[in-house]
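Now for the letters of each chain:
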Amino acid sequence: NAGVIQTPRHKVTGKGQEATLWCEPISGHSAVFWYRQTIVQGLEFLTYFRNQAPIDDSGMPKERFSAQMPNQSHSTLKIQSTQPQDSAVYLCASSLDRLGGRVSYEQYFGPGTRLTVL
Amino acid sequence: AQKVTQTQTSISVMEKTTVTMDCVYETQDSSYFLFWYKQTASGEIVFLIRQDSYKKENATVGHYSLNFQKPKSSIGLIITATQIEDSAVYFCAMREHYNVLYFGSGTKLTVEP
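Protein chains in written order, with my numbering: chain A, 93 to 210; chain B, 23 to 135.
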């Protein structure tokens, strides 16, 4: 049973270049989340999809960052015109999902993509 | 304001002893969910244990257990019979009405032989 898959594991870009990060959630999981981890800010929520629909992108920087989930088997996080402050580990997580109620499901994390912007 | 606070930056214990890691949280929701995750040296984040706010019994999984004190908005993680491989960074997290997780800053645990 494969866990969450993220590619690439490491990416180095020059300032101003574009970076696209890929995530394949666990099969059967309907919720996909993106987080960013830095030493200074810790683990920060970026955005969340349920059944491929964007639900909450309140953590996404308003400029340059975008996320999509074109099908149930993958999601992408795109950063345009990367800046050195975008350097971080970007983590994707997936979980089962259910609207409201006394139900919550654990999120399972991928290994992350370490983005370095020179 | 931080929703989840872990004040212990690092803890060092001897192997086979018991360790408790603290976590306090803030929420206005009457129903919420609390989780502990472990991040290994390789960077892997692993789910350990959860506590649903409406449950009075403290959760236990293997050698992990929780000390849930709802009036104090506190959810401590207890690891008994610690092993070298328990050395990692431990994160407390909370989910309110959405599925978004709010994480604490983490506690680095070192288990010495």
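Please keep in mind that the hints were generated in silico from the structure rather than gathered at the bench. In this text, a Cβ means the ideal position worked out from N, Cα and C, and glycines have one as well. Watch out, some of these pointers could steer you wrong.
Quick list of the computed label-pair ranges, beta carbon to beta carbon [as the list claims (entries may be wrong)]:
hint, chain 1, residue 1, chain 2, residue 2, range
1, B, T27, A, G151, 35 to 43 Å
2, B, Q105, A, G108, 21 to 29 Å
3, A, G151, B, K94, 40 to 48 Å
4, B, E79, A, V132, 34 to 42 Å
5, A, Q109, B, Q105, 37 to 45 Å
6, B, K38, A, Q109, 32 to 40 Å
Over 10 Å on every C-beta distance to chain B, these chain A residues come out as not near it, computed from the model [what the hints assert, rightly or not]:
hint, residue
7, Q109
8, W114
9, L135
10, D148
11, K154
12, S173
13, P176
14, Q177
15, V181
16, L183
17, A185
18, Q199
19, G204
BS3-like, lysine-lysine: derived pairs with alpha carbons at most 30 Å apart [said to hold, decoys possible]:
hint, chain 1, residue 1, chain 2, residue 2
20, A, K103, B, K130
21, B, K78, B, K38
22, B, K130, B, K78
23, B, K130, B, K94
24, A, K170, B, K38
25, A, K154, B, K92
26, A, K154, A, K107
27, B, K78, B, K92
28, B, K38, B, K130
Hints, verified against the model:
The hinted window of 35 to 43 Å between T27/B and G151/A is violated, with their beta carbons roughly 19 Å apart. Q105/B and G108/A have their C-beta atoms about 47 Å apart, which leaves the hinted 21 to 29 Å range violated. Range check, G151/A to K94/B: about 28 Å between beta-carbon atoms, so the 40 to 48 Å window is missed. Hint check: E79/B to V132/A, Cβ distance near 38 Å, so the stated range 34 to 42 Å holds.
For Q109/A and Q105/B, the Cβ-Cβ distance of about 44 Å falls inside the hinted range of 37 to 45 Å, so the restraint holds. As the Cβ distance of K38/B to Q109/A is approximately 50 Å, the hint placing it in 32 to 40 Å is violated. In this structure Q109/A is separated from chain B by more than 10 Å, as the shortest Cβ-Cβ distance comes to about 24 Å. Even its closest Cβ contact with chain B, about 17 Å, leaves W114/A beyond 10 Å, as expected for a residue assigned away from the interface.
Distance to chain B contradicts L135/A as a non-interface residue, since its nearest Cβ pair spans about 4 Å, not more than 10 Å. Residue-level check failed: D148/A sits 6 Å from the nearest beta carbon of chain B, not beyond 10 Å. Chain B leaves K154/A outside its interface by the beta-carbon criterion, the shortest separation being 18 Å against a cut-off of 10 Å. Interface exclusion of S173/A from chain B stands, the closest Cβ pair being 26 Å apart, more than 10 Å.
Against the 10 Å criterion, P176/A stays outside the reach of chain B, whose nearest CB is about 21 Å from its own CB. Every beta carbon of chain B lies more than 10 Å from that of Q177/A, the smallest distance being close to 19 Å; the non-interface claim holds. Separation of V181/A from chain B is inadequate, the least Cβ-Cβ distance of about 7 Å not exceeding the 10 Å criterion. At roughly 7 Å, the least C-beta separation between L183/A and chain B is not larger than 10 Å, which violates its mark as non-interface.
The non-interface label for A185/A is inconsistent with chain B: the shortest C-beta to C-beta separation is roughly 8 Å, within 10 Å. Against the 10 Å criterion, Q199/A falls within the reach of chain B, whose nearest CB is about 6 Å from its own CB. For G204/A, the non-interface assignment is contradicted: its Cβ lies about 6 Å from the closest Cβ of chain B, within the 10 Å cut-off. With a C-alpha separation of about 27 Å, the suggested pair K103/A and K130/B falls inside the 30 Å cut-off, and the hint holds.
Distance hint between K78/B and K38/B is fulfilled; the C-alpha atoms sit about 28 Å from each other, no more than 30 Å. With a C-alpha separation of about 28 Å, the suggested pair K130/B and K78/B falls inside the 30 Å cut-off, and the hint holds. Note on K130/B and K94/B: the hinted pairing holds, with a Cα-Cα distance of about 23 Å set against a maximum of 30 Å. The hinted pair formed by K170/A and K38/B fails the criterion: a straight-line CA distance of about 45 Å is larger than 30 Å.
For the hint pairing K154/A with K92/B, the CA-to-CA distance comes to about 36 Å; that exceeds 30 Å, so the pair is violated. Distance check on the hinted pair: K154/A and K107/A sit about 18 Å apart at the alpha-carbon level, within 30 Å; holds. Taking the CA atoms of K78/B and K92/B, the gap is near 9 Å; set against the 30 Å cutoff, the hint holds. The hinted pair formed by K38/B and K130/B meets the criterion: a straight-line CA distance of about 17 Å does not exceed 30 Å.
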